[in-house]
Every structure is written in structure tokens, then in C-alpha cells.
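Chemist: Residues per chain are reported as follows:
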Amino acid sequence: MTVDGTIEFIAALLMLSGAVMALLSAIGIMRFPDVYTRSHAGTKSSTLAVLLTLLGAFIHFASDQGFYSVRLLLGIVFVFLTAPVAGHVIIRAAYRANVKMSDTTIEDELKGVLQQVKQDAEADRTETGEIMSEDKKEELKHQEE
Amino acid sequence: METLVTILAGVLVTVATYLLLSKSLIRVVIGTAMLTHAAHLLIITVPGLKIGSVPILGEGDAGPVDALPQALILTSIVIGFAVTAVSLVLTYRTYQEIGTDKLDQLRGDQDE
Amino acid sequence: MSILILAILIPFISAVILPFAHRYIRRIHVGWFAMLVPLSLFIYFIQLTPIIANGDVIQSTLSWIPSYGINFSAYVDGLSLTLALLISGVGTLVILYSIYYLSPKESLSHFYTYLMLFMGAMLGVVMSDNLLGLYVFWELTSISSFLLIAFWYQRKRSRDGAKKSLLITVTGGISMLVGFLMIGFIAESWSIREIIGSVSMINDHYLFIPAMILILLGAFTKSAQFPFHIWLPDAMEAPTPVSAYLHSATMVKAGIYLVARFTPVFGGEAVWFWVVTSVGLFTLFWGSFNAVKQTDLKALLAYSTISQLGMIMSMFGIGSAALHLGYSTESVVYTGASFAALFHLVNHSTFKGALFMVVGIVDHSVGTRDTRRLGGLISLMPITFTIALIGSMSMAGLPPFNGFLSKEMFFTAVLEINEANFFALETWGIILPVIAWIASVFTFVYSTIFIVKTFLGPYQEERLEHPAHEPKWGMLVSPIILVVLVIAIFFFPNVIGKNLVTPAMNGLFPQLIAQGEELGQRIYAWHGFVPELYMTIGVVLLGIVLFLTKKYWQGVYNLFPEDLALNELYGGLLDQIESKSTTVTNFYMTRYLRDYLVYIFLFFILLIGGTIVFTGAYSFSLPENANITSLEFIIVLSMAVAAISILFAKSRLTAIVLNSILGFGIAMLFVLFSAPDLALTQLVVETVTTVLFLVAYYFLPEWEKEGNRRRASITNWIISIGVGAVFTFVALAAQGNKAFDSISTYFENAYELAGGNNIVNAILGDFRALDTMLEVIVLLIAGLGVYVFIRLKNKKESEESD
Amino acid sequence: MIEIMLTLALTLYGIAIAISVIRTIIGPSLPDRIVALDMIGVMLVSCIAIISVSYGTKAFLEVILILAILAFISTIAFSKYIERGTIIDSRRDD
Amino acid sequence: MIKHRYRINNVILRTVAKLVSLIILTLAVYLFLAGHHSPGGGFVGGLVLASALVLLLIVFDIETVRKGIPVDFKKVAAFGALLSVGTGFGALIFGENFLSQAFDYFNLPFFGKTELTTVMIFEAGVALVVVGVVVTIILSISEDE
Amino acid sequence: MNNLIAMPMMLPVLTAIILIFLRPYIKIQRTISLIVMIANIGISIYLLQLIQSNGILRLDFGGWEPPFGILFVADSFSVILVLTSSIVTAICLLYAFSSVEKSYEHMFFYSFINLLVAGVNGSFLTGDLFNLFVCFEIMLLASYILIAFGGKKGQLRESIKYVIINVISSWIFLVAIGYLYAVIGSLNLAHLSERIAEHGQTPIITVISIVFLTVFALKAGLFLYFWLPGSYSVPSTVVGALFGALLTKVGIYAMFRFFSLLFYHEPAITHTIIGVLAGLTLVGGSIGAVAYKDIRLVASYNVVIAVGFILVGLAVSTQSSLEGAVYYLVHDMIVKALLFLLVGTMIALTKETKLDQMSGLIRNYPLLGWMFFIVTLSLAGIPPLSGFIGKVLIGGGTLENGSYILLALAFISSIFVLYSLLRVFLSSFWGETIISKDEEIPMKKGLLIPCALLTIGSIALGLGAESLSVYIQDAAQVLVDPQLYIDAVLSSD
Amino acid sequence: MPAQFLINVFIALLWTLISDEDELSFTTFVAGYLVGIVIVFLMHRFFGERFYLSRFFSLIKLLLIFNRELILSAKVVLGHIIRPKIKFKPGLFKYETALRGDWETTALALLVMLTPGSVVVEVTQKGDAFYIHAMDVDQSKNALLRSLKRFEKAIMEVTR
Ligand code: NA
Ligand code: NA
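Top line first, the protein sequences correspond to chains A, F, R, U, Y, S and B.
My numbering applies: residue 68 is where the first sequence begins, and numbers increase by one.
My numbering applies: residue -11 is where the second sequence begins, and numbers increase by one.
My numbering applies: residue 225 is where the third sequence begins, and numbers increase by one.
My numbering applies: residue 3 is where the fourth sequence begins, and numbers increase by one.
My numbering applies: residue 205 is where the fifth sequence begins, and numbers increase by one.
My numbering applies: residue 26 is where the sixth sequence begins, and numbers increase by one.
My numbering applies: residue 32 is where the seventh sequence begins, and numbers increase by one.
Please keep in mind that the hints were generated in silico from the structure rather than gathered at the bench.
Each statement offered as a hint is correct.
Computed list of lysine to aspartate or glutamate pairs in EDC-like fashion (alpha-carbon distance at most 20 Å, straight line):
1. K380(R) to E457(S)
2. K380(R) to D381(S)
3. K157(B) to E176(A)
4. K376(S) to D97(F)
5. K125(B) to E174(A)
6. K120(B) to D175(A)
7. K318(S) to D799(R)
8. K90(F) to E928(R)
9. K962(R) to E223(S)
10. K804(R) to D381(S)
Model the full assembly from the supplied sequences, consistent with the hints where possible.
Modeler: Structure follows, in C-alpha cells:
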């Protein structure tokens, strides 16, 4: 195996391991009990997967075509920058929208603090035309099941 | 692949048609958007799939794929967006003025 | 432009000018100006008589649409001239009469405008050689008649009468137009003369008889033949001068004229003979029979007119038999009927015009036309009575009045035709003289009623609006002139016979004339003791009996409510059409979008599916397929699943999330299929659309369960799958039937041609820049439109007021 | 060898995506769906990278970036919608 | 409208969004310029630009964005359309067919051999319309009372 | 190079954009719009002359030769329609000046009108399949906005249906383009025609032609007209008039173009279907026209009838019937605009919409009444008004072709036309006058003059039919002989 | 600090011009920049400031720390995923941070969130504390707290 060949192999390996990571994350979002834990798998393990894959691609292009793709690097940066924020925002939304935590959850320090906040949010939603009521009904129904 | 994609387009058409036949305007609007997807899949399939490289000169070894359908689809995507925007806004204005988004309640007066 | 054309145009021109004359020259009654028109026309036509009597014709053409041979080609022969003289002559008298009849408070300018329109149109009808030109004028007569009937349009009865006449005559007119088109099509000419010239070539074309029937429909509706006569009594809502002019002397004669004019075309056909003759005869009977029971003098005259028109019609029918026989001695026998018809045409105009004017005078004088309130006017209105007497005696067919002459000739004709042995006349011929005779009896009866009920018997002033008195002299002039003619024609019938009727025969039987047939006849008041005379005597005797015993047999009319039924049929038909139309239209125009979409989709499925089956487009081989990788398969599958799941999504947000998956999927396919630009655009547009949905969701209600009944939902499924299947099927068939390579290899030179490596971009920005430019405009419209939708709101929704 | 690895990688990604699609469909809560959707977006980014490698073209690199950006924007939008019901405020709230 | 009785500390999101939107804007410009030779062009450029604005609108609010970019987006769209259609008419001045585009290569200081084409103007118009319209639509709906 | 050909579309587009910047200046907006329409009239007339002397003209956009680029093709058929639409629009604009609310005029009203016209003219002129789609979209988008301009309940309710149905038809259009491109591999109409002729109109092509037929049937209201009455009766008067005059005509135009230029090899299938649909349309339209008392509905169903009537001309496809159809198209555009303007004016003056709620208007508004009477006659094809010649020629065509049922339906329908409008005239204009002189809403000259112009137009078109005949024969010639079109487009010059 | 950067660029430009090649080339510029770095580093005390690239190095250090944490905790999460039975105990706890300002707070939050197994749910109004949802409070809370401290320190090296 030539040097180039080796590098390309490494690149491919990176990509493949990224794929494995992704698969595992996907399994995670299937298996985990509530949206909070699922988000751990969903928004972040997959980040690593992307990191590996894009890196692999970057290396591949660099060795194969001598092309250092700024765009790929930028992509990596971008995913790193945004993925966690996305996770944060979803979780916050879930929490504020009263999505139940799994029964195994052992502490919730935010509960007391946000009680008032939640009530306010509740009031706001009804005020803005019961936009959420249907969504929430659905959730509640699911959680009952 | 071509057949598969065409069948997918067919499935989208079926689903879209079903949505179009519903009472709720929002469903109908989503249906129209889905129809557009199906048309695009059809058009992209026309010249045959995966038989050329990207239609950028100097990229790839095989000759470029038929670029014309792509140009058409691009135009259509943008038009589709415009139409969706308009119908969405109409839907919401209708709801705002008339108080329903149910089409069976949007029949209007009978003349006699 | 020749004087002839000008003659037709002058009434139209004056129709435009008269309102101005009315407005600016207040001191003189506008009718005087109007009268100048027919008067001068009459003089013009009179001086043409010698030429025409000589056997010559005058013609002149005004091009209208020469490219299609549609012109106003004026053609004057004896037939045309006869009618033209009637139109202008009676026209002059009627206008003179109207000057005194109509109150100056009426909208005179309208009246005379309509009248002028009518006059011009009528002249056009009788002088047109071009079929389509004729049709133009034909419809104009219907329209001007409509306007005149509804002259007092605030009255419901006027409007109804006008509507009825217009609907019936225009319908007939349209039928006639189709007939014209057919005959023009098979003869390849719009010229009646040329068509006559080619009759032998076209008369076995399968459209020949349909064309004949259609043209006859036009003639029958216009001439108020049974069962289309129902409009004429209602048309009596028009001012009396109009009734006198249009609805007895001229317009209703247009149908008669048409039959005469087309006799040389269709005359030899049995269908023509029987249809024209029998419809005419039945109308003759039906009109006279019904006239008897009328209590309104005008209605009586209306039915009388119907009857007389039927008589003329039937005579033309009988006369056409001559063409069946061709040039022979026998044929002259039958042409006599046509001769009589033409003669009666003139006679009828004189006495009927006079009678209508009498009714107008009576109405004007005492304010009613109801025979039950009238009576005993003889002493108070002696001149009027005299006129009425002469008119009705002529109408009844008694000497020494012109009606007698033509009626005798009519009897001769029906007797002659009874002898014929063609057209199955051996069997049915006897019916003709029988009906003719019976009808004449009733004619005698109603003529008697007209005189007796109005002028004899007790005078009941308390039942009248005003006490009876003779009218102004001006009103009497016209009827007097007419009755003078009634008598004059009796004594000098051959002035008319030789100068008008005989030349007019040329128009009916040009083929026979060409072969040297002599169709002119001398008219005699006295034939000796021939069957005709006995028939007349019988008419008088039985007529008197029937008149005297009327109250005993009047119950017969209750057995014949059919006339009413016809009217009811008309009214019922209109009501039914309206209400059924509403029902039918409401049935499918549900104003429910789903139903409309169902129609569209069914159309799509059935028509396209049907075409596939019908053309055999279902046999094709699938296109060559590229391989499918597992990723591709999964993506396609995921998209399908996501799409289907949208249908079951319980919240709209779920739906839009799933829709986003679709968007991602499409973009991914674009990547897989080497379309980076598309993938880019798709992604951004998808996201922006999603945002748009979310923004709009704020204002919209959460979606509810559809709550469709099971059946509706099954229907929806069937339709959806049908649409999907047809779509897919045609797509596969199209891909499998690739016939040509795409033109797009040309674009692969994008760099040399347009200086760009990105072919798609080069297409969008250069090769097909117009699409792009316009698409940008589409976007612009959407943007501005959304802005307008949201900003332009009804401040205070005052529902539906525009 | 490398080709097989890439194909395998794509297949694994495909399976991962399929699983995420299932999560999107079954929910149960809306945030669950958003999490899954976000994940699909990010995984597609990887897929495109691999496809670029296997097709040997640089033409999709922009797509990668754009997809990453848009997945982010979508997620933000959805989350804000769930949180507030409105995704674009008229006025500053702080 | 919503009365904000509870406050969300959006610091993470806002901070990242500022950064991200810079990246997106740069990318938009890049896509626009690169379109002639690689994927991109007026449409995509405009759309990406618009999506950056959408991000800012979501993360911040209309008031803030308007203050930051004080233009009438309807006019932007119209101006873009004017540019695009204008190039069409422009060709008439040179006696060319409507919408004829011209391109040539120039040696410019610093840029070297550069291709300048009227398509650029055309595409700039396209991009402006896209931005203008997308933002107009979203703003119009969002601002509705 | 004939850049002039682009102007009927491009001038309105440019104007529309410029007017956006002139938003506050209503007077200027009006003036410019009107000037542009008048310019278009002039250009169209000039083009007609040019076509007479030089044959069919074309403009290759960007200089790209067909079949690769997009081009506009100006033959007599398309230019006649452009001319008519420009005239109608100019007159409708005049009406708009006195009838449209100020607040609308500030809301880019004239821009949208210009864009609508641009879309219409573009559709007439384009020689490219996909470009036709785009032009349709411009027209449709503008119509989506205009139909609901003002945002009244009824408008929103109907416009949403209108939009959805048109979105679906546009979709079918796109799909059809995809199908055809798959088989033929080109987008240029002439090139498509050439290739189809070369390859033969195979079953699949016939099937595709029916897909196109579905699209155009929807747009034209051929058989699939159920969307039309609702939509056409809600917009403001001017918009309604433009819709009635222009929109369905574009669908009709496309049908004529496609089934004379592309899919003319299997008339036994395609043209028969068109004939059946036309017949059914005549029946449905006729029934609908007498079914309702709302005068806007009466007018709308009359649009439907005309569609059926004109399409009879295509179903028959003889030189004569095609000439008749072109005549009738021109006539119908003018007269339908007039009808809708009159109906709108009646409603504006009485604040009523049903014919039995109006009475005796002729006393209050005599000129209006007489114009309505003339429009009634004209639509019924009564000579010498404009409908006559078209009717005669189409009738003649059906005879040549032996299509007697169509002949019968076409002519019976004109009785229904007459009856439906006569009902309005009798009930609304005649009868007791119920509006006294003091409560009478004064008639604005600005409303009357445009109507009068159109009325004169109908009369002039009827009497002066000959002056158009050379152009119309030329138009039909191209429809009969597609090779003329192909040669003009594909020859390099 | 911007001054240092400008000087560096100036040096790079100078270098490019001195090289006197036929064309202006990017690689020469980069070489010049590298030379400049050395020069500026040697002279940065004259400007009385920190060497501007020291932040850069701190940043790299931060990244390295982060990567270690990332991999470690990814292992944990993945471990949970592949374990046949799920038996972690999630929880939500408060963490008070010493960091201040938008950028610092954000950076820390990003790092916390990138670390699998922990998500910031809310930031307090003052921005002085996070509410963190951890996937397995039982086992990894302490480890998480430790890495948080490390992150804080590393961030401060970059920003202050
Ligand atoms: Na009334
Ligand atoms: Na009425």
C-alpha cells in the first residue's frame, strides 16, 4: 500500500467509523426513554459522526486531488457550532412545553425555579390562541400510553 | 433506479391527492407542495439517472448529465415556493376573515 | 353606392337622425319627418314597377365581408318589389296614422327610431340575394319588433310579449341560419339566385332536406304558423300602429316571403309541399277557429292574421307542386295557387291594416277593445264603421272587395290540388278543400263578430272609458286610403295582377319561366257557377247560422284548451328550463373544493386512462434502469413512508416535520443524481417554506381529524391511487418510449458559448435567461401579493357590498 | 476496498437515517420529532460528504455547508415554535 | 401580541446566531459569485442570504433586524427585478437581441485575468429579488396583527 | 432580430416594476400604464403589418438559436390576440381609473394589472413549451392576487379555490412537459412539432397530448369549468372584466396552438375528445346561464358557453372553423370585457347583485341599458354585431366536417345566451323604475366611456369584419399548415 | 492586539514584495506571514501586550481538552446505547459558573453540550448559572463537574 493509499484508507476508515457512530446514535434515539436523553444521542453523538466523516472526506480530497477544502473544514466548524445549540434549544423547548421526563430521572433542580415560568408560559400560550393545546394534548395522550 | 424514483413520485402523487381531497385548507396546501416534489422527481428522472457527472464542466470524468431538466426544475422550485407562499397567506387570511379553514364551510352562498 | 342600396340604408340613417330631429325641432311632430322616408321610398319603388313588370331585375351589391362572400346584395324582382311596395306604402300610412295616435308625451324618438330600423330591416329582407345578408336583416326585424312590442316596457305584459316574440322568432332565425349555412355549404354559394341555378345539382345532397326543414322553421316562426303562432297575440301589447304595420302587413309576411323565395329551391320536394301546405292549412283553421272566441278586438285580429297567414302559406305550398311536374300544361294549374297567394298577400295587407287602424281608433276613442263592453258605435262613429265594414267584408271574402277575389282563387287551388295524383294526394287531397272551407266559415263568423259586437247592438257608455266619438281626420286618412284600395282592387284587380303579381311569379318559378311558361293570370270577379261560388255561398250561409247560434256551441272551445296549453307549454318550458337548470347546476356546482377536485381527478384518471387503453399505449418496455444502492433505496423508502405518514399525522406540526423529511429526501436524491444546484435550492426553499408554514400556523387553528365518513374516505383512496397510478404509468411509458436525444448536448459547450462552467447556471442565466427573468417576476408578484393580502383589509367588513 | 468501505458507510448512514425517520413518525412528543429531524439533517451532511468522495466531485461541498446551516435553522424554528407558538417576534423582549 | 412576562435567556442562541449568520452571509456572497463555474448563482445566493436573515429574525426579532438592516425589502425586490429586466432591455441599446448577455476577460489589478459578464448584473438582480421577496413575505405575515 | 416582439410582454413587466417605485403617485401610475397599453396596441398593429409583408416573425432571446434558446414567435394568430388583449386592457384601465379605490391603487394595483397582461401576452407569443409554463404562472400569480384584491370574505373564499385548482392544473402542465420532454427531448414548439411529425404521433404521445389537454381544459374552462363561475364573480369589476376577457382565452389559445402545431396527427382521438368536451361545455354553460339570478353568475356562465363555442372550431379544425374561432376569440374578448364591466357597473349603481332586485334601470341609466342590450345581441351572435361572422364560419366548419351535433349544440347555446341576458335586460333595465332621481347614484363618465368604447368595438368588429379578414385568414392558415410555423422558427436567418 | 496582527500582515506583504517574483503568490504571502509571526513574537513585549497568537495557542489547547472530553463521554453514551438494558438515571442540576459575558458563557455552554451526556437546558437571567440535564447523574455528575472546571479555565485563558 502506497502512502496515498494508506491515507485514503484512513480517510475511508474515518468515514466508516463516523457511519458506525451515526448508527449507534440512531439506535440511541430509538432506545432512550425520553426526549431529553434521546437528544443526547441525537444531537451529539451524531456530531462526532459528522466530525469523523467530514474529516475523512477532507483528508481524502487533500490526498487524492491535493484539494484542501475550506468548505469542508467550515462545515465541521459549523456543525460544531450549531449542533449543540440546536440540542439546547430543543431541550429547552421540550422542557418549557412540559414534555415529561422519564420516570428514571432522579433530580430536577429547575423544577421549582421554573414553576412560575411555566405557568406564565402556559398563560401566554392560551392567550395566543391555544396554538399549542392540540400539540400538547397529543403529547399527553402519548405519555399516558 | 429510474423506475423506483418514478414509483416514489407516484406515491407522492397519491398521498398529495389524498391530502388535496381533505377539508382542511392546510392539508390541501401541504398537498400542493408535495405534488411539486413529485413533478420534480419525474423531470429529473427523464434523462436517465446516474449516467453522467454533475453538469459542471471539468467536474467528473463522464460527460455531464442532461442539464436542461435541472434548469427547469430549478425554475419550478422557485415558482412552487411563490405559489405556496401565496396560498398559505390566502389560507390564513381566509381563516382570519371567515373564521374557518374547513373547505366544506367555505362554499359560500347559494344563489337561489 | 346605388340608389337601391341607399333605399335600404335610408331608414337606418334616419333611425339615427330622427332622435336628433326630435330633440331640436320641437314644433313639428317628428312623425312627419319619419313619414317622408317611406313615402319617398314608395315613390321610388313605384317608378321601378314598369321595369320589373317588363321582366327585368335590378341589382346592386354593397360589400360587407367579401372575403367570405357575405355581402348586402340587393336584388329586386317582382316578388321583392311587391313586398317593398307594401313595406313602404303601408309604412307611410301607418306613420301618418301614428302621428295622431301616439301622444306627444310618449317617447316618440324611440318609437320612430325602432320603426325606421324595422323598415330598413324589412326592406333588406325582401331585397337580399345574399343569404347571410338576408339573415342579418331578418334578425333585425325580430329585434326591432321586440323593441316596438315593449314600447311600454313598464308594463309586464309588454315585456312578456316582447320576450316571447323575440325568443320564438330569434330561435327560428337561428334555425334558419343553420339551414342557410347548410344550403350555402352544399351549393357553395350564398347567393339565392346561384343556389336556384344549381338546385338540380344539390337536391339529392343529404343536407338538402334538413336545410329545408330548418329554413321552414325560420319562416314558420316569423309568420306565426302553428304551433309558433303563440307569440303573435301577445305581440298585440305593442301600440296599434305597430300591430297594423309589423304584425299584420309586413313583418309576419317575411316568413311567407321566405317560403316564396325558396320555392324554386325546394319546391319540387314532397316534404316541402306537405309541410308548407299542411302547416299553412292547419294554421288557417286554427287561427280562424280561435279568433271567434276572442273578446279583445286586437286579439281577434291577431288570430285572424294567423289564420290568413296560414292561408297564404298553404297556397304557396300548393303552388310548389308545379315544380314537381316541371314544365307542362298541368303545372300552370298549380302555379295558380301561388299567384293567388301573392295576390292575397297584398289584399290582406290592405284590409287588415285598415282593420287594425279601426281598432286603434275605437280604443283611442272609448278606451277599450273588449267586445263585451263595446257595441252600438255605428251611430257615433259612422265613418269608422264604414271602414270597419269594408275591411271585415273583405276579410270574410265577400264581394265587392278584394278579399273575395283571392279567396275564390284559393278555393280554386284547393280544388285543383285535390285532383292531383302525386305526393299521395290521391288519398289525402280531399282534406285540403275541406279544411279550407271550414276555416272560411269561421273567418266569416269572426268578421261578423268584429262588426256586430263593436258597432251594432246596444251602446253601453257606462262601460267605456270615454264616450264614443269620431277621431281626428288625421287618424282616418290612412284607413280610408286602405279601404279605398280594398274596393279598387276588386274592380281593377289586374292592375295589381299584371304589374306586381305576375312579375312576382318570376321569382317563384324561374325554371318554368325560363322554359317559356306563361304564369300570369287574369283575375276575374265572376267565373260563372263554378264549385268555388257554391263554396262561398255555403260559407255565408253556414257562417250566419254559426254566428247566430254561437252561444249554443261555444262550449266547444272548452274541449280545445290546447291553445292555452301551447302557451302554458311555452311558459312552462321557460320555468322548467330555469328551475331544472338551477337544480342541475346546483347539483354539481357544489362550491365545495373537494368536489371540484374530485371532478378534476376523475377527468384525469378516466380521460388519460381511457386514452391509454384506447390507443394501446399500455404496451411498452420499462426504461433502462441505473442500479440502486442501499442508501438510495432507504432514502426512497423513507420518503415514501414519511409521505404516507403525513396522512395520519395527528398534529399539523408533525405533518410539517414529515414534509421537511421529504424536502431533505428530495435534496438528497438531487445530490445522488448529480444535481448540486438543485439540491442547494431545494434545501433553502424547503427551509424557508417550513418557516413560512410555522409563521402561518400561528394564525391558523390546529388541524382536526378529518371525520370523513367511511365512504368518502374510500372514495378518496380510490381517486388518489388512481391519480398516482395514471401519473406513474404515463411516466414510465414516456421514459420507455424515448424517441429522440435531448437537445441539451448543445449546452455542454457552455464555456465557449456563455463563458461559464456551470451548465445549469449558464442555462438559467443565458440560454434560457428569459425563464429566469420571468420566474423572478413570479417571485416578485408573490412577494408583493402577500404584502397586499395582509395590508389591504376591509376596514369595516360590510359584507359583499362591492 | 475503499469503495466497499464507503458503500458500507453509506449503508450504515442509510439505516441510521431510516431509524431516525421512524422516530420522527412515532414521536411521541414534538421535540422528539425535531431531535430526529435534526439528526437526519446532520447525517445527510455526512452522506453527501461520502458521496462526494465516491463520485469524486467537489460540486457538493456547498451543499454540505448549506445543509448544515439549514438543518440548524429548521431546528431553531421548530423549537421556537414549540416553545412560544410564534417564531418571529415583532419587538425586542429584553 | 405576546406580553413577555417571563424572560428567556437566549444568550447562547444569540451569540452563536451572530457568528453563524456571518458565516452564512459570506457563503451567500461566495455562492453568488461562484455560480458561473460551480454550484450557486443568483438564486441560491439570494436564498441563502435570505435564510441568514430568517435566522436573525427567528433568533432576534423584527425590530432588531429592521434596525440593523433599515431597507424596504419590497423595494429591494423591485430593484432586483429592475436590474434583471434592465439587462434584457440593455441589450437593445447595443442592438442585440433582448436579453443578450455579453462576457469578456479583463486583466484587472489584483484580481488578474477576470471574467466580467452582464450575467452578473442579471444574477445580482435575481438574488436581490429573492432576498427581497422572501423577507417581505415573512415580515408581512409576522407583522400582521 | 425583432426585439419589438418582446415588447408586448416586456413593456408591461418593466412598467410593473417601475410602478412599484412610484407607489405614492397614482396619477403617474395611471398615465404610464395607459401609455404602455396604447404602445402595445401600436406595436401589435405594426407587427401585424410586418407579418403580412415578411411572414412569421421570431425573436431569439439572448440570440440563442432555436431549438436551444427561448424564442417568441409572432404569427398573425398570436399577434391578433395580443392586439385584442391590449385594447381590452387599455379600456379596462380607463374604467379602473374611475372605479378602483384609492387604497387599491396605492397597493400596486396597476403593477399587478400590467403583470397579468404581461403573462397573457407572453403566453400568446412564446414559442417554447416551458416558457409557456412560466408565462402562465406570471399570469396566474397576478390573477391570484387580483382576484382577492380587497380581501373581502367572498373574494377570499372563492380565490382559495381558484388558486388550488390552478395550482393543480399548473402541476399537470409541468408533468406533461416532463412527459413530452422524456419522449421528444426538446422544448421548442416548432422543433417538437417537427420531431413528432418525424417520429409519428405514437400512442404515448397521444396520451401525453391528452395530459396537455387536461391542463388547458382546466385553464380554459373547457368542460372543467366548475371553478370559473365562482371565481369570476368575486373580483372587482375591472378585474372581473379582464378575467372574463383574457384568462380563459390563454387556455384556449394554447389548445389551438398545441393541437394544430404538435398533436394534429390523431384527430380521430384528440379532436374528437375536444369536440365532446366542447359539446358538454356548451350544454353545461347554457344550463348554468339560465340557472341563476345573480348577474355575475349569468355573465360567468356566458364565459363558459363561449369557451365551448370556440373549441367547437378547434374540434372541427377546418380552415373555415379555425378562422371562425379566431374571429370569435377576438369578439369574445371585447364583448366579455364589456359584459363584465356592465354587470359590475349595474351592481355598483344598485348595490344589488340579483336581476330580480333591479328594475327599470333604463330610465336612470339609458346608455348603460342600451349597451347591455347590444352586448346581449352581440353575444348571441346576432348580426351585424361582432359575434356573427365567427358563428357563421364555425358553423360552416362543422358542416364541412359533418359534426352536426356540435353544430346543433353551438347554435342552440346562442339561444340560451340570448335568453339568459335578455332576462337580465328585461328584469333589470325594463320594468318599473324603482330608483328615484334623487336616490339615483350618478353615473360617472369614467365608467360609461370605457363601456361605450367596447360597445363601439363590438359594432365596428361586426361591421368591419372584412378589415380583419386578411389577418385572420393568415392566422388560420398557420393553424392549418404547421409547416409554416416550423419553417419560420427553425430556419436560420 | 489588532496592532500586532496588522504588523504581522505588513511583514508578510513586505516579504512578498521582497521575494520579487513574477506574480503575486499566496504561498509567498503565507511564508511571509510565518516569518512575521516569529518577528512579532520576539517583539511583542515592546507593545506591552500579550502576544496575539497566544490566544490562538490557548484556543488550540481548549480544543484538545475538549476533544478528549468529547471522546470520553461519547464512549459513555455509546456504552449506554449498546448496553442491552438501559439503566442510567438522568437528572437536571444547576451549575454556577465563574464565567461572564456572552461569549464566555456561550463557549462554555457549547462545550458542555458538545460533551455527550450533558445539555444546558436554561441559562439563568443573569447568565451566572446553567441548568444542565445529564444523562446519568448517578455516575457521571462528578466527572462532568470536573470537565466543566477544566473548560472554564481553558476558556478564560483564551478570553482574558
Ligand atoms: Na325587477
Ligand atoms: Na329585475
